[in-house]
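Those protein sequences? They're chains A, B and C, same order as listed.
Under the numbering used here, the first sequence has 48 at position 48, and the numbering climbs by one with no breaks.
Under the numbering used here, the second sequence has 1135 at position 135, and the numbering climbs by one with no breaks.
Under the numbering used here, the third sequence has 2094 at position 94, and the numbering climbs by one with no breaks.
None of these hints come from the bench; they were simulated from the model.
As the structure is a computational prediction, the values presented were derived from the model and not from experiment.
For glycine and all other residues, C-beta sits at the position ideal for the given N, C-alpha and C.
Worth double-checking, as some hints may not be accurate.
[What the hints assert, rightly or not] Interface residues of chain C toward chain B, partial, derived using beta-carbon atoms under 7 Å:
no. : residue
1   : L2022
2   : R2085
3   : R2086
4   : P2088
5   : L2089
6   : V2091
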Amino acid sequence: MKEICFFAGAIGCLGGAIAVIGLRNPFYSVLALIVHLISLAGLFLLLRAEFLAAAQIVVYAGAVMVLYVFVAAYVGNVEESLWEPIPGQRWLAPVLGLALFVELSIAIIGSGLKSLDTEGPTVELGFGSPEAIGRLLLERFLIAFEAASLLLLIAAVGAVVLAARRREEATS
Amino acid sequence: MDATTYGWLILAFPLAGSMIIAFGWKLLPGRAAGWIGTAAIGLSFLVTLGALFQILGLPAEERQLTDSLYDYASAGGLDIQMNILVDPLSVFMCLVVSGISTMIHLYSISYVTSDRGFNRFFSYLNFFVFSMLLLVLAGNIVLLIVGWAFVGFASYALISFWYRRTTATEAGMKAFVINVVGDIGLVLAALFIFRELGTFDLLAIFEQAPEQFSTNEGVVVLIGILLLVGAFAKSAQVPFHTWLPDAMEGPTPVSALIHAATMVTAGVYLIGRFYPIFEIALTAADIAAIVGLVTLLIAATIALVVTDNKRIIAYSTMSQIGYMIMGVGIGAYSAAFFHLMTHAFFKALLFMTAGSVIGAMANRQNIDLMGGFRRSLPFTSALLIIGCLALAAFPGTSGFFSKDAILAFAEYRGGAYWVFAIGGYIGALMTAIYAFRIGFRIVAGPPCEVARDLEQGVHHHVEPQNPATGEAEDTDVGFPGEKHNIAEDNWPMKIAMSVLGIGALFSGYIQVPGVTDVLHTFLEGSFEDSKLYFEQPTDAAEWRGLATGALISLTGIAIAHHFFLRNRAAAARLQARLPGLHTFLANKWYFDEAIDLLIVRPTLAFGRWCDSTFERYVVEGLVSGAQGVAKGGNSAVRTAQSGYLRSYALLLFVGFAGLGLYFLIAGS
Amino acid sequence: MDMSWYLVLSALLFATGAVGVLIRRSPLVILLCLELMLNAGNLALITFSRTLGDEEGQVFALIVMVIAACEVVIGLGIIVAAYRRRIPLNVDELRALRG
């Protein structure tokens, strides 16, 4: 059962990822990413990260991707020409990607961590629940939590400043 | 005050005079600069007399005094002080230098009176006297070299005094370059002395030299020869002599002071002062004597033939210095310095009278244009004849006693030294001939056009021109002034010439063999450890020498009388019969051409080759090559800065992958 | 499934995102590929959290999500501002830092 779920989620993720990088229309890429994110949420569930799966769907696939959709609609379809000005980029990039993947895989599989070959220790029921995450956030990682909040505030203000209309400019 | 304080004052007065005139040259009114300069040197002379009396008050062995003003350079094994050496020899030289200089300064006040560069002239002249006194009073080699170099500079500045005259500036440069060649010899000698003896101090050198060196050891002969190179360049001996005739481009007082009485005698002083080295390096001393003899003869032959008045006197100087160098070379120290003193008197006098005649001739110097000035310039003519008598060593004059003292010593040393004596007498014959060539040409015979005008009281006037090339000039700064001064009109000139005339006639009496022995006794204090100084020919031998000298002198005057007075055509006939010889002598034995061919042209060609080939290919090749390499590397690296975000990202990932690979391999 | 499967998947997703960044020219799509990479990282974190039985990895992943959100906000703001000023939305055109 678990295996089937895993492979379903994995195929969803991979398919979405390849679609993101492969589709010409950026709008379709956004949609592909949403598929990817939802599949990823499924995988998170498999890994007993319930709160995070929910946060992924609500925040990431919900709010952040909606932002993307808005901007993609606003900006419209940008035609990317087929000619590649940087010599060698077209074939070097996939080779590089492959190299990265191979290296990382070797690092993972060949590592001395024995626990990677297991399915993980037995954890109690509340593992990954909102209560557990919340307790950690407010007790041990309070400063990180607050800093992240501050960062969000700054980002919001920054976005407003960046996209604000200037009075002397002609708007589209 | 003790002698060394006097010594510092001797140096201070001319330096102060030079600086005052130099810094205040715009402010000084009229002829004030001239009087300041003369006063400065006059004070220096008086102070020298003070030093003289101080020295005379001391016993003979203790007459060498040194005093140091401050440490000039004391570090790492070097100990050079700013010190002076006041001893009989230096006091003697100071007397000669400052005494003659005072008279020449006085003379110059009239001679350069209308020259726009009047103040500059006296500043330079004072500076020259300061440098010469520094050279003579120096207590260590370094200070001597400083004085030596300053004297060379002053000579250059004064030769090219009329700087808009191209011949003058070229002559100045020639003199300076040849002097620098001599300086190289002197500096190398100083270096070797320091390397062998470890000190620069003169008295210390003289003490240690006999202990450190064995007779005629290679190093000490080398030192001697290097010192000689310096001496020959400064004293215009063959083959470094070609600058002296050209140096006559300077104003006549300059020729009188620098190129007759003082600077050119610096070489003689150097050899005399370094007698301990030369008495060990016998080969070097012999070389000095031989070169002196050769110069003496060559210069005398040229003086018989050239037609420019000042150049005849210049070659005469060269010849007489040859006598002095021969004298110190064979060991006749007091005789050589005696001749130095008498020569200073009569040579300066000859130049002064020449200046007066040139003034009458409106700056023309060709002796063939002159004649019969005895009625129009009586004072000048009388003193000219006195000078010529002294130069020709006429019996009773100062030149008579001094020249024959050297030759008598040569005879006394016997053996191979007879060559020097015979050569010296031949030279004396030629000297008498050319001395009275000048004398009879200018003074006697039918008056020339200029003389006739002067008898009427009309000063002859010619458009200003270069006496050598005839190029037109003007009388603004950089060229001689309008007024041409003759002695009859100017009392400063008369006083100066009279004093020198008295010296030329009577200064010989301080060293009459068997009767007076003033100079020899006085200079003993400086030559105590000399082996040769205390050997003297017998009085009889000396009187024999004097008799020979008198005979030769009178013969020479008679020959001159025949050729240049009684039978003027005889000279022309002789010239026509020996044209080759005449051309050879008139072209100064082709020394200038030889030096041009052997040294000047190869050096210039080398310089041109360096500029075109070496500079272009090697130096610039290296520089451009380095530049090219840097640029190439630069361009190669620059291609990575393409501006494309994606290529930067690619490089980032390549780097990351590379690192990862490294750690994977290193970890396994 | 073994934990290493998840990690290999995460590596694959990361490599895919990297290739996307290098290939695509529209800034919007490049941002999307950045999201891919970030999520791959999240997956790895959560996997390790499960392996060690410790929820700290999940908290880390949560904070990463927050960061990603901020970054997206700013990135999109820049894209909108650039679009408004008629700057071409093609990273190859933005070559002002060329050396």
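Quick rundown of the hints versus the structure:
1. L2022: Since chain B brings a Cβ to about 5 Å from C:L2022, closer than 7 Å, the hint holds.
2. R2085: At 18 Å from the nearest chain B Cβ, C:R2085 fails the 7 Å test, so the hint is violated.
3. R2086: 19 Å, violated
4. P2088: Hint on C:P2088: violated, closest Cβ of chain B at ~13 Å, above 7 Å.
5. L2089: 13 Å, violated
6. V2091: Interface hint status for C:V2091: holds (4 Å vs cutoff 7 Å).
Hint compliance for this structure: hints 2, 3, 4 and 5 are not met, and every other hint is.
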